[in-house]
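Engineer: Sequence:
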Amino acid sequence: MRLNTVKFSGLATAIAIVSIMSACGNKEAKTEGTTAKPAVTTDANKDKIVFVDSDSLLNQYEYFKVLKTKMEAKGKAADADLKAKGQAFQRDMQQYQSQANSMTAEQRAATEERLGRKQQELQAYQQNAGAAFQNEQAKEQEALYNKVADYLKTYAKDKGYKMVLKYQKGMGDILFADESLDVTSEVIKGLNEAYSKEKK
Numbered sequence: 001m002r003l004n005t006v007k008f009s010g011l012a013t014a015i016a017i018v019s020i021m022s023a024c025g026n027k028e029a030k031t032e033g034t035t036a037k038p039a040v041t042t043d044a045n046k047d048k049i050v051f052v053d054s055d056s057l058l059n060q061y062e063y064f065k066v067l068k069t070k071m072e073a074k075g076k077a078a079d080a081d082l083k084a085k086g087q088a089f090q091r092d093m094q095q096y097q098s099q100a101n102s103m104t105a106e107q108r109a110a111t112e113e114r115l116g117r118k119q120q121e122l123q124a125y126q127q128n129a130g131a132a133f134q135n136e137q138a139k140e141q142e143a144l145y146n147k148v149a150d151y152l153k154t155y156a157k158d159k160g161y162k163m164v165l166k167y168q169k170g171m172g173d174i175l176f177a178d179e180s181l182d183v184t185s186e187v188i189k190g191l192n193e194a195y196s197k198e199k200k
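Just so we're aligned, residue 1 is where the sequence shown starts under this note's numbering, counting upward by one.
The reader is advised that the hints may include incorrect statements.
Within a straight-line C-alpha distance of at most 25 Å, the following computed BS3-like cross-link-like pairs (lysine-lysine) qualify [what the hints assert, rightly or not]: (1) K65 with K166; (2) K65 with K162; (3) K48 with K166; (4) K65 with K197.
Simulated from the structure, these hints should not be mistaken for lab results.
Use the sequences and the hints to build the structure in full.
Structural biologist: What follows is the structure, encoded as C-alpha cells:
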C-alpha cells in the first residue's frame, strides 16, 4: 500500500480576501492619481446620475477594514491549523518508514491501514475547513454588500438621485464623467458615520 504525503499550501490564506473584494468591486487598488472617471448623463442638478469610486470606498470604509482584518486573521489561523495537522501526519509517516523493516507483515499492514485512514480524515478535514471558510466569507460579503446598497438607497432618495453607478479604474464601460458627479467622499463619510453608530 502506498501512502502519499499531504501537502498544505496556504489553503485558507489563498482564498481569504479575494472573494470579499469581488463582492464590492473585484480588487482593492490604490486610488491616488486616478485619472479615468465614469461617463454619465445628467439633467442639470435634478435627478442626477452620480458615481462612487469602488476602490476608494473599500480602502476608506471602516467596516470593510475591520472585516478584512478579521478574515485575514481567520485565514491565517485556519492555514496554521491545517499545516500543523499535516506535519503531524508526515511525522507519523516518517516514523512508520523508519520502523517498517523491523515490523512483521501484519504490523506493517495494520499501520498502513491506520495511516491510510488518517490521511483520508485529514483530507476530509482540509476540504471541510475550506468549505466552512468560504461559507463564512460569502456571508460576510453579503453583509458588506447589503450595508453599502442599503445606505446608497437611502442616500440617493434623500439627494434626489435616480442612479448611483460604480466606477472602478480600468474596468467596466464607464470611461469619463465630470468630477462634480463623484459622490465617493460623501458616501464614505456617511457609511463610516453609520458604522460608528452601530459600534456604540
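Engineer: Taking each numbered hint in turn, which are not upheld by the structure, reported in ascending numerical order?
Structural biologist: 2
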